[in-house]
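Put chain C on the given structure of chain H with help from the hints.
Protein chains: 2
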Amino acid sequence: MGSVDEASSARLVRGLLLEYGAIIQTRLRAFLDARPGGSEGYLYDLAADYPARGGRCLRATLCMAMARLHGGSLEEAANSAVALEILHNAFLVHDDVEDESEERRGRPTMHLLHGVPIAVNVGDALAVLSLRPLMDNRRSLGSRMALRILEETERAARESVEGQAIELKWRWQNSVDLDDTDYLTMILKKTCWYTTIYPCRIGALIGTRDRAPLDSLLRFGFFLGAAFQIQDDLLNLVGDHQDYGKEIAGDLAEGKRTLMIIRLCQLASGKERARVREILGLPRAARTAAVVRWIRELMDEYGCVDYARKVAHGLAGAAQHEFSQMYSELPDSRDKRFVEALPTWVLSRA
Amino acid sequence: MGSVDEASSARLVRGLLLEYGAIIQTRLRAFLDARPGGSEGYLYDLAADYPARGGRCLRATLCMAMARLHGGSLEEAANSAVALEILHNAFLVHDDVEDESEERRGRPTMHLLHGVPIAVNVGDALAVLSLRPLMDNRRSLGSRMALRILEETERAARESVEGQAIELKWRWQNSVDLDDTDYLTMILKKTCWYTTIYPCRIGALIGTRDRAPLDSLLRFGFFLGAAFQIQDDLLNLVGDHQDYGKEIAGDLAEGKRTLMIIRLCQLASGKERARVREILGLPRAARTAAVVRWIRELMDEYGCVDYARKVAHGLAGAAQHEFSQMYSELPDSRDKRFVEALPTWVLSRA
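Note that the protein sequences, when read in sequence, are chains H and C. One rule links them: number in this note's numbering = place in the first sequence (from 1) + 6. One rule links them: number in this note's numbering = place in the second sequence (from 1) + 6.
Next comes chain H alone, as it looks inside the complex (with noise of 0.2 Å):
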């Protein structure tokens, strides 16, 4: 693809993700705002922190993107939508508190602003929250159609919290002996699931009324998704951290396996290799900003920074592919344009 046509790409994808981020962004707040007043208010006005921190509302759009390009309406896919925005937030409150992260789009994560049980808490509600736009799925495209969706819902949020274990796991056993198999297994799970495979399957259904067959969109989504992973953890890495919204480096702070970590542990030599285990064992707060930077310059040493760039742009290249593969026959639309052009934004964005 030629720079002139990149460009025009991405202005597309951003014009679209502003669009219809702007209609969930509204309808996501009304429904935040309806809130009851009791005792038991303070946990809505805690709900809706994340969401009211901004957010592009990826998942969202590409959910209703797909809707239309299936024949769908913006209308019939905007409860969807909506769910998935407030799952993304749920999931996000318990990762912080399970990833002892210590910000979250520019500022404090919820528990360190009200302690891990409150946080615990209003994950828990964000996650009741979202059920209830699929249910009112039943008065736009009745019972069976509402359950499918509920149905696709469940099954990408028991790959995530599956995600989400294997990566507890490897830090609890402090596991170094991973190889990108490992790593995409991973991600697939934790990040593709929810926020590519999921949103496409979905906004698939509700566009055919439950008519397209959905198992190839699990291809383009995991290539999708996994490139999107990559480049975010890559961001953390060297991004700007006004941008980024969490701390620069955060992962290695946390000991995150990141695909550059696996990488490292795989081409250093045993001392430094041990010397890594033995760093990403830590509690975090003892792993120092000097004992981070030294990891961080030995990727550089080993190139795992361009390594995990080169794989990113591979599955992207893996998701045009797919997506090539998949719609060469339908009519162009923005909504198609945009689909189409999200791999290469993926690795573009900042």
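Possibly wrong hints are sitting among the right ones.
It does not matter which identical chain is used: a pair holds within one copy or between any two.
Keeping only pairs whose Cα atoms sit at most 25 Å apart, straight-line, the calculated SDA-like set for lysine to any residue is [what the hints assert, rightly or not]:
1) Lys342 x Glu82
2) Lys175 x Leu118
3) Lys262 x His120
4) Lys262 x Gly44
5) Lys175 x Arg35
6) Lys175 x Glu106
7) Lys262 x Val122
8) Lys262 x Leu118
9) Lys175 x Ala58
Derived from the structure by calculation, the hints contain no laboratory data. Nothing here was measured: the structure is a model prediction, and the numbers come from that model.
Chain C alone, transformed into the frame defined by chain H:
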């Protein structure tokens, strides 16, 4: 009710709990055993831990008895009953984290055994797992009924997280200016909805194919569930450790606002009340056995335990009255006698 009647009612309740409980436990085990064997397999081992520690399946049995009482079959209610037990265990795992509890069913709590991050993940996994049997209702009861039961589930889960939020707020603000109404509102949400109201409602829903009015069950479920919760709090103070399976006076150590504590704060002198508040405001580790004992003795001095017993008896009587109002016309059956006898049993259980 005479003592002969009472003894035979108690036998009947115990008998049905054993009988239906065995059905549920068998299904629950089969469901939890069908788990993947990958890196995430340990998650399902941990998810099966709390359920494997036993438990009476009171909620599931109530649901099945209510379904039968309304003309349904055990088979029709079984999926929902299994979901109920899984959801209950999901709540327990997160509640234990939020309350910093140390013992559950005679063993250390999940987060004490495996740390908070894994416990949060396991609770999430159980919550997601609870959805699957509810999806399976589609095959046995059709899409419309399956979705109605999911709507009831969403409501019950929402009430529970709201009730938990109220309790967390009281602890976080170290509230002592509470009254019986505050307490009853909190347990209506935190306990009654998912323990009694929801099982009754979905039982009736299944048995009548959504033709029963469910609102009258709100009152019965509230009275029954509130009597149950107050008795639970009483057992925590005065019960036998082995039967009860939690630390005795653990609620006091956790700073929980029970009816007895609320009563104490109402009756105590200004100086005593200030001291009680001071103790409740300490971090858990700083609340020594000596200060817990002091509060416990002050409760006896002010008759708080007797007061709570009286309130629980009043609520149980109200539940019996509601039941007779609703179901006196129904033909006699074991299921009917079970539900009818529950309010009395709730108070007599050890």
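Okay, the hints, checked on the actual structure:
For a Cα distance limit of 25 Å, the shortest separation of Lys342 from Glu82 inside one copy, 18 Å, qualifies, whereas the shortest one across copies, 45 Å, does not. Taking identical chains as interchangeable, the C-alpha atoms of Lys175 and Leu118 lie at most 25 Å apart whether they share a chain (23 Å) or sit on different chains (16 Å). Both within a single protomer and between protomers do Lys262 and His120 lie at most 25 Å apart by alpha-carbon distance, with minima of 24 Å and 18 Å respectively. For the homomeric pair Lys262 and Gly44, the shortest alpha-carbon distance between copies (20 Å) is at most 25 Å, but the shortest distance inside one copy (40 Å) is not.
Taking CA atoms no more than 25 Å apart as the test, Lys175 paired with Arg35 passes between copies only; the shortest distance there is 24 Å, against 36 Å inside one copy. In this assembly of identical chains, Lys175 and Glu106 lie within 25 Å of each other by CA distance both inside one copy and across copies; the values are 15 Å within and 23 Å between. Both within a single protomer and between protomers do Lys262 and Val122 lie at most 25 Å apart by alpha-carbon distance, with minima of 20 Å and 17 Å respectively. Proximity of Lys262 to Leu118 under the C-alpha cut-off of 25 Å is found in both arrangements, the shortest distances being 19 Å within a copy and 23 Å between copies.
Taking CA atoms no more than 25 Å apart as the test, Lys175 paired with Ala58 passes between copies only; the shortest distance there is 22 Å, against 32 Å inside one copy.
When held up to the earlier numbered hints, the structure conflicts with none and fits them all.
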